[in-house]
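A.B. asks: Sequence:
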Amino acid sequence: MIAKAQRRVLVTGAGGQVGRDLMALRSPGLELIGLDRAALDVTRADDVVAALGRARADLVVNLAAYTAVDKAEDEPDAAFAVNRDGVANLARACKLRGAAMINVSTDYVFDGTKPGAWREDDPVAPLGVYGKSKAEGESALRDALPHHAIVRASWVFGAHGRNFVRTMLGRIGKSDELRVVDDQRSCPTAVADLARAIVSIAAPLLDNPARLAGTYHYCNAGVTTWFGFAEAIFARARDKGLKPPRLVPIKASQYPARARRPANSELDCAKIVKAFGVSRPPWRESLLPVVDALIA
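If you want the working numbering, it's the position in the sequence shown, counting the first as 1, plus 34.
The reader is advised that the hints may include incorrect statements.
As the list claims (entries may be wrong) - Label-pair restraints from in silico Cβ distances:
#1 309 <-> 159: 22 to 30 Å
#2 157 <-> 73: 35 to 43 Å
#3 61 <-> 180: 18 to 26 Å
#4 195 <-> 129: 25 to 33 Å
#5 269 <-> 90: 42 to 50 Å
#6 241 <-> 130: 20 to 28 Å
What the hints assert, rightly or not - Using 25 Å as the maximum straight-line C-alpha spacing, the simulated SDA-like pairs for lysine to any residue come out as follows:
#7 277 <-> 216
#8 148 <-> 291
#9 308 <-> 298
#10 285 <-> 151
#11 277 <-> 198
#12 274 <-> 327
#13 308 <-> 155
Don't read these hints as lab results, they were simulated from the structure.
All residues carry an ideal CB built from backbone N, CA and C; glycine is no exception.
The task is simple: from the sequences and hints, build the whole structure.
C.D. replies: What follows is the structure, given as structure tokens:
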């Protein structure tokens, strides 16, 4: 067992939307050391080993990721370099150091054909390059490092970085009508809640990695479609005095996306709640402060 005073957590991708919220948190017994992409390129194996040594890391939280879903179809090498090879580099460096690792993954590892919520042990079958690169990153971590936790999240949104909420708000004043897909459904995940969940599992994972290592799902409570998500965003925007465009529901086949998305990527989160006692606020509640912050 690692003594609490020695728990040093290296956070990669600390400048991204999840990383910024995570670095703002404080938890007794954990010292967070954040490195953004400029400070650490996870695709450079020697740099990764050196960074873990300098940080004297007991745990790595990997938030470094290639997340441009459509662009990945045209840049597969770039996506796999970060999402698969970067994870492998971190996992091997953790193994050398005797450190544990938490890696954030995605609902897009699933093909969306299951009618109900996806469990951690359901088979993965990604539809696009992004999902495949993340799935192979999961496999690389499992193969290289026993003491790990993979946390799959879905439809992540927050006040920083590029995400659906920012995109929708950016369309206000640009047109009178907006067409949004209404036949793909999942569970939106607020960055702030995801960051708190990651911090909540860090210490227990270090205390008992043999028992708690594995794959978990985390998202906010509640399921919706992209259209329903947009409706909630625009409802709050109207409450704040803005005039959003009229929403028109369409099918995914009518939207010119480069990459295919799963029709259903709802995640079953019972496992992470049981193991760590994390909270899952309703996504509609967690959406409100994000919309307010972006409007402000």
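A.B. asks: Work down the list of hints and note, for each, if the structure agrees.
C.D. replies: Hint check results:
{"no.": "1", "hint": "309 <-> 159: 22 to 30 Å", "result": "holds, 25 Å"}
{"no.": "2", "hint": "157 <-> 73: 35 to 43 Å", "result": "holds, 37 Å"}
{"no.": "3", "hint": "61 <-> 180: 18 to 26 Å", "result": "holds, 24 Å"}
{"no.": "4", "hint": "195 <-> 129: 25 to 33 Å", "result": "holds, 30 Å"}
{"no.": "5", "hint": "269 <-> 90: 42 to 50 Å", "result": "holds, 48 Å"}
{"no.": "6", "hint": "241 <-> 130: 20 to 28 Å", "result": "holds, 22 Å"}
{"no.": "7", "hint": "277 <-> 216", "result": "holds, 22 Å"}
{"no.": "8", "hint": "148 <-> 291", "result": "holds, 22 Å"}
{"no.": "9", "hint": "308 <-> 298", "result": "holds, 24 Å"}
{"no.": "10", "hint": "285 <-> 151", "result": "holds, 21 Å"}
{"no.": "11", "hint": "277 <-> 198", "result": "holds, 18 Å"}
{"no.": "12", "hint": "274 <-> 327", "result": "holds, 11 Å"}
{"no.": "13", "hint": "308 <-> 155", "result": "holds, 16 Å"}
Violated hints are absent here; each numbered hint is respected by the structure.
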